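**Q** Protein chains in written order, with the UniProt record's numbering: chain C, 1 to 385; chain G, 1 to 385.
Simulated from the structure, these hints should not be mistaken for laboratory data.
Given the structure is predicted, the values throughout are model-derived calculations rather than measurements.
Be a bit skeptical, because a hint or two may be false.
What the hints assert, rightly or not - Facing chain G, from chain C, some residues (calculated, C-beta under 10 Å): (1) A204; (2) Q234; (3) T251; (4) D269; (5) L297; (6) Y357; (7) A358.
All C-beta atoms in this analysis are idealised placements derived from N, C-alpha and C, irrespective of residue type, glycine included.
There are 2 protein chains.
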Amino acid sequence: MFIRLILLCCVFVSAGAHAMLVQKQRFTLDNFSTENGHTIAQVNIGWEAYGQLNADKSNVILITHFFSGTSHAAGKYHKDDSNSGYWDAIIGPGKAIDTNKFYVISSDTLVNANVFDPNVITTGPATINPATGKPYALSFPVVTIGDFVEVQKALLDSLGIGKLHAVIGPSMGSFQAIEWAVRYPDRVERLIPVIGSAYIDAYAAVKLERWAYPIKTDPNWHNGNYYDKGQPIQGLSTALAYITQDALHPTGFNQRYPAPELDKAPLQDIKATFSAWDQLLQHAKVRAEYQDANHILYLVRASQLWRAGMGDNWQQALSRVKAKTLFLPASGDLLLPPALSQHSAAAMTAGGNIPHYAEIPGIWGHLDGVVGISAVAEQIAEFLN
Amino acid sequence: MFIRLILLCCVFVSAGAHAMLVQKQRFTLDNFSTENGHTIAQVNIGWEAYGQLNADKSNVILITHFFSGTSHAAGKYHKDDSNSGYWDAIIGPGKAIDTNKFYVISSDTLVNANVFDPNVITTGPATINPATGKPYALSFPVVTIGDFVEVQKALLDSLGIGKLHAVIGPSMGSFQAIEWAVRYPDRVERLIPVIGSAYIDAYAAVKLERWAYPIKTDPNWHNGNYYDKGQPIQGLSTALAYITQDALHPTGFNQRYPAPELDKAPLQDIKATFSAWDQLLQHAKVRAEYQDANHILYLVRASQLWRAGMGDNWQQALSRVKAKTLFLPASGDLLLPPALSQHSAAAMTAGGNIPHYAEIPGIWGHLDGVVGISAVAEQIAEFLN
């Protein structure tokens, strides 16, 4: 496997007093072999980093992103950006994941959802297949959490980074973090699966299938061959709306969206919809402009297939983990509820590696693992030191 | 409003030692005025009863059914029926709702889902509109939980029944039970909302909208005008599959459906689905044969619109309830979680009527209010006596 690394720009641009400025970099990998036996001629992914790599390259923390996320885990691209990376609350100088001490790397996964975001670099069904000059569409191979990890490993190898002080990720990022610790137990010293799980059960796999349904049944999907016709926007937006709701606890959801009794039309017209649904869908439509419907299907599939070690026995696979581990589920999580972290922790304990465990409080459910992460900043900081 | 009652058969057929045999009866109501100001020329609903009405008609308990349910709450139609009514565990001679003491009535709602079940009599979009000779389809007016209650009240009035010893119902049946106690506080002596709520919040209204989506997007739905073309089976079955999953807790679901790692095809083929989903959908297809897609849309809408009193302030409406009340949510319920019963109970308490509260344990989630009801049989029996 030939590895080519293109450093487009410097890793960390020193910022002013208030903003940690970061820039996207590109990593390219030729002839990537997927878990299911296919070869992708060229893989490109984006990555960014915060902090300074020390001389013996022993201060590296890898951050792995969630389903709808990107490599933009912290900082801003420009000092006037309105938003920072999703975990900016805990990554930065003097923060829980202290960039004065650690060199923090985060990369875009394969089949990243936000393929049309100018700050995302990914490879998936929307990518031009060099063999045909057309987008892969569904000819792109099914990829797994294991494949995401292998691409990250190639990136780290290219940088000469061996050991990881820690791997930390929320939700689908927790899957990657765990798979890192299972596949490369001697390279991962600490593991923090946030709002995560070491496996997807039948219940979650079916819930994920329900995210795919609106896309697959949109007449504009055309079996994935829509790239010259325009996206299946209705199906994609509906899928993104479902994802948002499933990531929220009712308490937070009901604070954000209007109560049904405020709507008068639904009593008179069976076709009328409620404002809560209309607004949720409208928010999703805005996000859909940066996303690709087929990429969502591939992320759904990678998530459905997830189990530690990607074999027949995820419990046994967990016994290979040597990393000191901290599970951080969110108390109100209805998507990957604390029970999944508890079962994962129990399996690890049975294998002789007793993990730490704490819950993230909050009203936002699964989303508390992103927007409410400050609540466990202290536990993370202590665990890393 | 002219009320016509057709007694097709006797109320209670005395059974052998083991089976309480029951028969469906038909109630007909002309010119029913709906809450939203429309008139339905003729309403027919089915009902059944268990036990004997006493001389002063003071021993009546009304059972109100859930979303996918029917009036068949207990007993069997024939002694060789493989299934009994859904709450047979608690309704019968010597059971918690003791038919040696009480006369228990249960009726089909308007727009009942199971319109093609020979034991269901209902009126809804699939009904022939006498004015046109064709099914109403979407010209049928939106109906509410209040409308369901008014039809039941007309039935009871026709039987000369004034006071109710109790109204008891699970899930959507709890909505009807609560609305009975709000609209007719002097007629309802006891109220047991099981796996219920006094209102639907934005979160639940959107979840319900997701049940409607597969039907509305099925090309065979034809805006509800499919009666001469055949049902939108794919959309209807998918909706029923979603309903089943949402009524289950992951623990029960994962016991019933196979784990994802048993499937090999999904790793190779992005279009392949998991056995858990295939089986769930297959079970739903069997049920879909008795159900009507438009009826599901109308049940979704009636549920979305639900709030006690059907006005702007469900909390205030609850203060009209005089009935002694027992809330019975299921601990693992993810569809109408205990928090909804708790908020409802708190609003009632604020109005000066302090309800009783107990939780139904179990692994089946919302469904524990049906299949796990035996766990609270003793509480129900005590509360009724």
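**Q** Work down the list of hints and note, for each, if the structure agrees.
**A** We went through each hint and held it up to the structure:
1. Here the hint on C:A204 is kept, as its CB sits about 7 Å from the closest CB of chain G, short of 10 Å.
2. Proximity of C:Q234 to chain G holds as hinted, the smallest CB-CB distance being about 8 Å (cut-off 10 Å).
3. Given hint, C:T251 at the interface with chain G, holds; its Cβ is 8 Å from that chain's nearest Cβ, closer than 10 Å.
4. At about 7 Å, the closest approach between the beta carbon of C:D269 and any beta carbon in chain G falls short of 10 Å, and the interface hint on this residue holds.
5. For C:L297, the suggested interface contact is upheld, since its CB lies about 6 Å from the closest CB of chain G, less than 10 Å.
6. A least Cβ separation of about 19 Å between C:Y357 and chain G goes past the 10 Å threshold, and the interface hint is therefore violated.
7. Evaluation of the C:A358 hint against chain G yields a violated restraint, the C-beta minimum of about 22 Å exceeding 10 Å.
Hints 6, 7, counting from the list given before, are not met by this structure.
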